[in-house]
Structures are given as structure tokens and as C-alpha cells.
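*Asks:* Take a look at the letters that make up each chain.
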Amino acid sequence: MSTEEHDLQGAPFLKEQIAGLYEPAGSKATGEAAERSTKHNREVTEAIPYWQDWREAASQIKQYAVANLDKLLVEFEEKITARGATVLWAEDAEEANRHVLAIAREHGVKTVVKGKSMVTEEMELNHKLAEAGIRAVETDLGEYIVQLAEQRPTHIVTPALHLSAKEVGELFAEKLGEPFSAEHEHLTKLARKHLRQEFLNADMGTSGTNFAIADTGTLAIVENEGNVGLSTSTPPIHVALIGVEKVLPRIDYLPLFLNMLARVGTGQKLTSYTHLIHGATPGRKLYVILLDNGRTNVLRDKAARRALCCIRCGMCLNVCPVYRRVGGWAYGWVYPGPIGSIISPHLIGMDKAGSLPFASTLCGACSDVCPVKIDIPHQLVHLRHRAVNEPSPARSLGDRLTWKLWAWAMGGPRRYRAAMGLVKLGVRLARFLPWHPGKLGAWTRGRALPQVPRGKSFRAEKRSSDET
Amino acid sequence: MIRLEQSSPPRWKYPTYEPGEPVALFIPCYVDQFFPEAARATAELLARRDVPTVFPKEQTCCGQPAFNSGYWEDARKVVRHFCDTFADYRWIVCPSGSCTAMCRVFFGQVDPDPRVVEIGRRVVELTEFLVEVLGVTDTGARFPHKVTLHNGCHTRRELGVIDPPLKLLGAVRDIEYVEMPDVEECCGFGGTFSVKMPGTSLAMGRTKVQSIVASGAEVVVSPDSSCLMHIGGMLRHNPATRHIQTKHIAEVLVAGE
Ligand code: SF4
Numbered sequence: 000m001s002t003e004e005h006d007l008q009g010a011p012f013l014k015e016q017i018a019g020l021y022e023p024a025g026s027k028a029t030g031e032a033a034e035r036s037t038k039h040n041r042e043v044t045e046a047i048p049y050w051q052d053w054r055e056a057a058s059q060i061k062q063y064a065v066a067n068l069d070k071l072l073v074e075f076e077e078k079i080t081a082r083g084a085t086v087l088w089a090e091d092a093e094e095a096n097r098h099v100l101a102i103a104r105e106h107g108v109k110t111v112v113k114g115k116s117m118v119t120e121e122m123e124l125n126h127k128l129a130e131a132g133i134r135a136v137e138t139d140l141g142e143y144i145v146q147l148a149e150q151r152p153t154h155i156v157t158p159a160l161h162l163s164a165k166e167v168g169e170l171f172a173e174k175l176g177e178p179f180s181a182e183h184e185h186l187t188k189l190a191r192k193h194l195r196q197e198f199l200n201a202d203m204g205t206s207g208t209n210f211a212i213a214d215t216g217t218l219a220i221v222e223n224e225g226n227v228g229l230s231t232s233t234p235p236i237h238v239a240l241i242g243v244e245k246v247l248p249r250i251d252y253l254p255l256f257l258n259m260l261a262r263v264g265t266g267q268k269l270t271s272y273t274h275l276i277h278g279a280t281p282g283r284k285l286y287v288i289l290l291d292n293g294r295t296n297v298l299r300d301k302a303a304r305r306a307l308c309c310i311r312c313g314m315c316l317n318v319c320p321v322y323r324r325v326g327g328w329a330y331g332w333v334y335p336g337p338i339g340s341i342i343s344p345h346l347i348g349m350d351k352a353g354s355l356p357f358a359s360t361l362c363g364a365c366s367d368v369c370p371v372k373i374d375i376p377h378q379l380v381h382l383r384h385r386a387v388n389e390p391s392p393a394r395s396l397g398d399r400l401t402w403k404l405w406a407w408a409m410g411g412p413r414r415y416r417a418a419m420g421l422v423k424l425g426v427r428l429a430r431f432l433p434w435h436p437g438k439l440g441a442w443t444r445g446r447a448l449p450q451v452p453r454g455k456s457f458r459a460e461k462r463s464s465d466e467t
Numbered sequence: 000m001i002r003l004e005q006s007s008p009p010r011w012k013y014p015t016y017e018p019g020e021p022v023a024l025f026i027p028c029y030v031d032q033f034f035p036e037a038a039r040a041t042a043e044l045l046a047r048r049d050v051p052t053v054f055p056k057e058q059t060c061c062g063q064p065a066f067n068s069g070y071w072e073d074a075r076k077v078v079r080h081f082c083d084t085f086a087d088y089r090w091i092v093c094p095s096g097s098c099t100a101m102c103r104v105f106f107g108q109v110d111p112d113p114r115v116v117e118i119g120r121r122v123v124e125l126t127e128f129l130v131e132v133l134g135v136t137d138t139g140a141r142f143p144h145k146v147t148l149h150n151g152c153h154t155r156r157e158l159g160v161i162d163p164p165l166k167l168l169g170a171v172r173d174i175e176y177v178e179m180p181d182v183e184e185c186c187g188f189g190g191t192f193s194v195k196m197p198g199t200s201l202a203m204g205r206t207k208v209q210s211i212v213a214s215g216a217e218v219v220v221s222p223d224s225s226c227l228m229h230i231g232g233m234l235r236h237n238p239a240t241r242h243i244q245t246k247h248i249a250e251v252l253v254a255g256e
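Residue numbers (numbering that gives the first Met the number 0), protein chains in the order written: chain A, 0 to 467; chain B, 0 to 256.
What the hints contain is simulated information worked out from the structure, not anything from laboratory work.
One thing to keep in mind: the hints can contain errors.
List time: in silico EDC-like cross-link candidates among lysine to aspartate or glutamate, alpha-carbon distance up to 16 angstroms [said to hold, decoys possible]:
(1) B/Lys56 x A/Glu460
(2) A/Lys403 x B/Asp83
(3) A/Lys38 x B/Glu72
(4) A/Lys38 x A/Asp367
(5) A/Lys38 x B/Glu183
(6) A/Lys38 x B/Asp181
(7) A/Lys455 x B/Glu183
I would like the entire structure built from these sequences, with the hints used as guidance.
*Replies:* Right, here's the structure in full:
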């Protein structure tokens, strides 16, 4: 997807605002699956009586890490380099892609097996590799399905959340030429059969990273399918991609994070596999690419810094009533849901993602469950403030004038009474209109207008009682 | 060593209310104009507890609509007007959780002036004032109906006011209280969200309406008239649900007698 397409993809929320799409675009499967995981993951966290203390600890550790990124990343680099890894820094997606392509070219790579990584989605790596004539195969089951379907993930942890088993069965029948089945276990076996050969043939493996540990120089990667283990150890080259915010100061903190991530991410006590990679094994190559891609923009905006604490567990998506209804693609870019709404504006710019912070009722279900206690609704209002003051799709002269007028009207009781009188008159008259324009129409599409009370307003009553 | 930010709001400590102290009523604009019966019930509830109330006449709005829309500069003017209006009162009681949250939690973001922050912190939501400050749970009301409660998200999560409305309803005579399924879910109102993303707002509202219907309640009560404007609007829009009423919790708490 090119940068121009971001604009289009970023538009759905805005489009609804203008054209008034009646029904949300998310699939039924999305809502149901998200609801199921919410209930399940809640149970697993509620089993821990000191869960709230864990959250507080995790939040403090991540805040410390984010505040000391400069030192911790260098420490990480030194430690892992000493054990044979090559660390490369990338300021943006383009530079990261250049690094990956240069490595591939140097080693004559034809096929790449990929472990799940949202960072490579940011980089649109598959697309870039294809342009260079290199085949990239996603090996995470969900990612594999999404890749076969030529779609994008709708969720950061469970990429194919929007598809039912039946749809996956149809897809496999069409793309892999297998007889149709809608049975989970059978479908997994099919994917396994096809992927096995890919692992053996691949010249390079890539992976994301859950935690980059500074004091030991360790990559910690969690997974459930074994595909990350194979991607990182079968081919002779492993390229690990890391967003710079993924650093943890000390390995002592890792157990806490592994435990929490599994519980909120997938409702497990621990993931099936946890890989700790300390350096290159003899005879193989390990490259580590540290990607900024706008993350330092978040550091620059003090009120937004805590957004960098995110460990990409996906829980805020699952609980979000808006995400459940509109689905992942509506957010227009790699990161959907509440976390997407608070980081996309920093990573791809307010001009492209400025409408995202408005896609929320500010209900706060997300911050209630976030394992690192990110104050998501507060970040959303902060970004709204920025969005209406910076070049962005949310900036509108009409709104600006409306709020100016509103602030003036709310500046004193007389003006207030006059303004409210007009509003009430409007609501009364609206009943007789056959058609309602703009915002009024948006309201009455599925809601009756409030009844205008017959008696006086409370203040009018107070006034007359004081006068007598 | 860096100073770590406090990551959760400190639990609210209420000052002690001295008998006879006057309480200023902050009646949010839409309550004043569209739901005056909720304002009247609020005043009545306090009067029955011998709490003298004053209605500062200069009051208008807390600034929340502009604040949530990103227009903080405009919100600031209204917030300052609020502070000038209420500066002389130690107690400010408001029958709306979301407006209370605006004052108590968000004033500082709009205007870091310590005076503004301090005045904002004096605002207490009605059910919170009754239960946590006055220590009242039984208001002497009688309401022989099947009732369910929708607590607004700001009331629940920004203020952490969860028990007070339940305790108060629990003491009402002849009431049949039923909890609706997925009671913590947002109703989909969200202020301007309701007209900016009407499709999504209505989809969320439909789920809420289904939960209300499933509870079998005849009346939905809430400490937030704004949610009720949306929920009630949806209930009345559909003939099948038109019989379900919406009421501010204060109205139930003064009922009967
Ligand atoms: S913001 Fe919090 S809940 Fe959402 S993905 Fe990140 S860590 Fe998880």
C-alpha cells in the first residue's frame, strides 16, 4: 500500500461523518470474537488477586523505559552485538526496508518466512520484498490466512478475527486446492502441511519482537504455533524487527510481562512458546533492526508519552464497543482500535489520521483493562485538541465558528437563555419537518428528539420564586 | 532518577460536610432546559436532608461539549465563567456524572490555573454526595416498579462512582431492581459522537436497548440525563419499546411519600 493510499484508507471514519453510512462495516464475526475473548481474558486476569498491583508495576516499568529509551537502546545494542548480532537503526519504514533488502541481496535471498510482526505491516515489507522479486510467506496462521485472502489484518493479535471458520475453509479450497472443511483442527493441519515446505525452502526468516531486554541484550518473543521458532532458526538468516519502544530495562522484569501479556493477549497463563534469543548462533546470521518510524514524535508530545508503553496485547481492541462494530480496517492503518487511535496520528501524521481520535465515545473501557494502564481516553481528547488546531481532516472552519459562538453564548446567563430558547424552539419545530438536515438528521435517524418540557426551565422557576 | 507520573487518579477524599453549610447546585444546561424535573428532584432531595441549597444564577455550562470536541480554547472561556460563578461555595453538587467528571477530572487540562483546578475539585455528583458525604442511603422513597440502572461511563470510570446509585436504589421501598446484561457497556451516546458517527452510535444503542428489554425493566434510571436522552430517544423511536420509561435517579429517589 502506498502512502497515497493511506489517505483513502484513513478516510472511512470521516466518510461516515459526511455521507452518514448507515451500518457499520465490521463483520459479525469481529464483534462476537472480540466479545468472547474479552470475557475469557477477563477471567484469566481476575484469577490473579494482585492483578491491579501488577498493572501498576508494569506501567511504572514501561514509563521508566520510555523515559530512558536513549540509554536503554544503546545498552541493548552493545550487549547483543557482543554476541554476534548486527544491529541496524532505522529512522523510518523506508530505511528499515532498505536494510532488509540489502541483507536479502547480500545473501541472495529468494524466499522469506515471516513470523508475526506488526512492525513489518508498518513497513509494508511484503510488498517491498515482492517488488524486489522476493517471495514472503506469512507463517502465523492468522497472518497466513489474511495473506492468502489478500487482505490486511483486522486485529493486532488475532489478524483473521473477522473471518469465520467457514470462510477460511472456502479460502483454503480456492487458494490451496484442498477439499472444503470448516473444522478448526483440520484447517490448522492444512496450513501446517503447506507451511512446512516453506520453512525448509526459505533463505531468510523474519520476526517481530515482544521485548528487547537491555541489561542482557536479549530478544524475547512469544508465540503459540511454533512458527516463530521455525522462522527464526530454520533459515540461515534471522532478521528481528523491533519498534524502539519495545525495550525493557532488565531481564528480571520479563516474567511479569510474559505473564501479563499472555493473560490479556490470548487468555492464557503463559504462551505455548517463549523464545529468548541472546545473539547469533555459530554459522548463522542475526540482524536486529530498531525502528523509530514516528515513535520519537510521541516522545516529543509530553501529554502523549504514555502511549509508548503499549505492549500490543490487543485487549483494548477486544473491549472497545466501537472497534467491535466497525472492525479493524475502518481505522485505515496498521493499528486499529483505541491504541490505533492514539498512536496512528503520531506515526503517520495528524494530516492522515486526525479523524481517528474522534472515533470514540470516551467510555474508557480500554483504559480499564490496559495492562500498562495507558490513559487512552485522556490521550484521545488531547489528540482531538491537536487535530482541530493542526492540518487534519478534523479541522473545520464551520466547527470552529460554531464553538466560538457557543463559548460566547455560554458566557453569561442572558445569552445562555436566549441560545437555549432557540434550541428548544428548533426542537419543537423539527417535529413538523418532513426531513432533517445535517446533525439533526443524524440524531433523528434512529432516535426521537427529547420532549420539550411544558413547564419552565429550572432556572426560570428559581427566578420567579426568588422574585415573589 | 526520573519522577514517575501517577498512573491512576488518587481515590477521592471527601471533606466533611458541616450541618447547615450551603450547597451550590450546578444544573447542567441540558438538564435545566430539557429535564427540569431532575433538577427539581435534586433540590428536593437535599432540602429533605436539611441541606440548604443555592442556585448561583450566573451559571451556564461546564465546558464539556467544546472540550471533548477539541476546542479547548473555547472551553476555557466557559470553564473560567464557571469558576467565577462558583468561587464562593465550598460545596457544589451536580446531578450529572459526566459534567462532574469534566469539572473534577478535566478542568486542569483545559486550564492549569490552580484556582480552576481547585474549584473543579469541589464538584460532587448527586448520588456520591448523598452516600459518600452525607452517609444517606435511604431517602424515604417508594417506587413500586421494575427498574434497571444505567451508570454513565464517566460516572463509572472517571469518577469511580459505582456503588452509590445502587445503594440508594436498594433502599427504595417496593422497588424491584434488575441488573441488565453487560451493564458496564457504553450506551453509544458520547456527546457529539452521537451525530458524528451516528451509524456506530445507534448500533451501540441498539445493543443497550436489547439489554434493557432483556432485563424486563419498566423504567431505566441513570445519574446521567445525557445517556438517557439517547437511550430514551431510541426507546421512543421504536413502538415496541415505547412503553419503557427513562428517569433521572433523583426522580425515583423523591418518589412516593
Ligand atoms: S494500549 Fe494497552 S490494552 Fe491496548 S494493546 Fe496496548 S497494552 Fe494492550
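*Asks:* It remains to establish, for every hint, whether it holds in the given structure.
*Replies:* Taking the hints in turn, this is what the structure says about them:
no., hint, result
1, B/Lys56 x A/Glu460, "holds (11 angstroms)"
2, A/Lys403 x B/Asp83, "violated (20 angstroms)"
3, A/Lys38 x B/Glu72, "violated (41 angstroms)"
4, A/Lys38 x A/Asp367, "holds (14 angstroms)"
5, A/Lys38 x B/Glu183, "holds (13 angstroms)"
6, A/Lys38 x B/Asp181, "holds (11 angstroms)"
7, A/Lys455 x B/Glu183, "violated (34 angstroms)"
Checked against the numbered hints above, the structure breaks hints 2, 3 and 7 and satisfies the rest.
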